[in-house]
Amino acid sequence: MTWTKAPFQSLFSEPSRNGVYKSRDHHGSGVKVINMGELFAHDRIGCQEMARLQMTDQELLKAAVVDGDLLFGRRSLVEEGAGRCALAWGIDEPTVFESSIIRVRLNREVATPAFYFYYFRSPVGRARIRSIVGGATVKGIRGSDLQRIEVDRPPLAVQERIARRLNCFDDLLGANRRRIALLEESARLLYREWFVNLRFRGHELLPMAQALPAGWSRKPLSALIDTGPKTLHEKGKTYPFVPMQALSETSMVIDQPGERPISGGAKFQNLDTLLARITPCLENGKTGIVQFLSDDVPVASGSTEFIVMRSKVVSPYWVYCLARDLSFREHAIRSMAGADGRQRVNPKCFDTYMTLQPPALILKDFDAVVEPIFQQVQVLARQSRALTKARDELLPKLMSGAIRV
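Take any residue in the sequence shown, note its place counting from 1, add 1, and you have its number in our numbering.
One or more of the hints may lead you astray.
[Said to hold, decoys possible] Straight-line alpha carbon distances no greater than 27 Å define the calculated DSS-like cross-link-like pairs of lysine-lysine that follow:
#, residue 1, residue 2
1, Lys231, Lys313
2, Lys231, Lys220
3, Lys63, Lys140
4, Lys6, Lys220
5, Lys313, Lys268
6, Lys231, Lys365
7, Lys313, Lys220
8, Lys23, Lys63
9, Lys6, Lys398
10, Lys236, Lys313
11, Lys349, Lys220
12, Lys268, Lys231
13, Lys398, Lys349
14, Lys365, Lys313
15, Lys231, Lys349
16, Lys313, Lys349
17, Lys140, Lys23
18, Lys236, Lys268
19, Lys268, Lys349
Honestly, the hints are just simulated from the structure, not real lab data.
Required output: the full structure, derived from the provided sequences and hints.
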């Protein structure tokens, strides 16, 4: 099927607009503001937690984001961020967008926003965007170039049918993300309740000794975990490889790894926790637990900027929850040293961070509760990878008209 083509601008309901820039004293309160972080992290942006910005009513009128707006990365330090497209959806309160983003608002009488969101995620749409990306150190696009690119324009009814079909995948993916977030929150809350607040199962029956329950002791973290574990592997053999971008800032799930022969970098096995040691990855929260390896391939490697945290005498699930705990993270961040922009965690911070070693029986009880949670997260993550693969295989066929809907 051959679709007509049109300048992208001919589908606009109003001119495209760059986002707002305000000095630091306007940040911290006010309305939600969409930053490049949201653009990288989410395909649909709306109801997530975001930074806030003070805006006047007149400024809000000009820079407001509404459901159906297309948001394009205007400039980025990495090429894939330049022109990256997200869809405003589920806006639940006044929201604006920052200066590194371009807002496009389409005329709903001729264009379906969700269709063009998927269009710019497809190979043909990405090719159109790459044709206008410029810059050396910082990659970017200009609104004037974006409005002039030529796009496919199928009939409105076809756009709507394609969007509905693809939305089915993203609705399921969104449901899985929400379930994973709830499961992870329950595991972290249980960790804090048992090992920080000391309200573990049966706590009221144990006598206290020097402000600690009987059988508990205070130890440096390095006595409980190994941060440089030996992981046996065959030299020259290809293994899964986890880059830094595969770690999430908020979730235990590690994105699908690639493959390469092991050379340098971190080596790890299932149930090891990976912690980013370099700025700003550590401050942003990049942490994950390895659960994707099989008996046939029990080893993987990853970025040189990972710290591998492996249990010595505690539960591996305890290790991951500790790695996400605010107290530990602040301690690790305070230890960072090095040149600006390349600061790294001081390995000695694991010797100076004091924590409580629970009795083995308490850890066994903890594992019995949280292990099914971690396993369920991994099942949902596998389902999401399968859904993503199916959607991405279908996308170019729909956008080329090879499949009629």
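Hints and how they fare:
Only pairs whose Cα atoms come within 27 Å are accepted, and Lys231 paired with Lys313 is accepted, the gap being roughly 12 Å. Restraint check: the Cα-Cα separation between Lys231 and Lys220 comes to about 23 Å, which is no more than 27 Å; the hinted pair holds. Restraint check for Lys63 and Lys140: satisfied, since their Cα atoms lie roughly 26 Å apart, inside the 27 Å limit. With a CA separation close to 67 Å, the supplied pair Lys6 and Lys220 exceeds the 27 Å bound.
The suggested pairing of Lys313 with Lys268 holds, with an alpha-carbon distance near 17 Å, which does not exceed 27 Å. Note on Lys231 and Lys365: the hinted pairing holds, with a Cα-Cα distance of about 25 Å set against a maximum of 27 Å. A C-alpha spacing of about 13 Å is found between Lys313 and Lys220, which places the hinted pair at or below 27 Å, so the restraint holds. For the hint pairing Lys23 with Lys63, the CA-to-CA distance comes to about 14 Å; that is within 27 Å, so the pair holds.
Annotation: proposed proximity of Lys6 to Lys398 holds, straight-line Cα distance about 17 Å (limit 27 Å). Proximity of Lys236 to Lys313 is assessed by CA-CA distance (about 26 Å); at most 27 Å being required, the pair is judged to hold. Taking the CA atoms of Lys349 and Lys220, the gap is about 14 Å. The hint holds against a cut of 27 Å. Taking the CA atoms of Lys268 and Lys231, the gap is near 8 Å; set against the 27 Å cutoff, the hint holds.
Of the supplied pair hints, the one linking Lys398 and Lys349 is violated, its CA atoms being roughly 53 Å apart against a limit of 27 Å. Between the alpha carbons of Lys365 and Lys313 the distance comes to roughly 14 Å, so the proposed pair stays at or under 27 Å and holds. For the suggested pair Lys231 and Lys349, the alpha carbons sit about 19 Å apart, so the restraint of at most 27 Å is met. Restraint check: the Cα-Cα separation between Lys313 and Lys349 comes to about 17 Å, which is no more than 27 Å; the hinted pair holds.
Straight-line distance between C-alpha atoms of Lys140 and Lys23 comes to about 22 Å, which keeps the hinted pair within the 27 Å bound. Restraint check for Lys236 and Lys268: satisfied, since their Cα atoms lie roughly 12 Å apart, inside the 27 Å limit. The straight-line distance between the Cα atoms of Lys268 and Lys349 is roughly 20 Å, inside the 27 Å bound, and the hint therefore holds.
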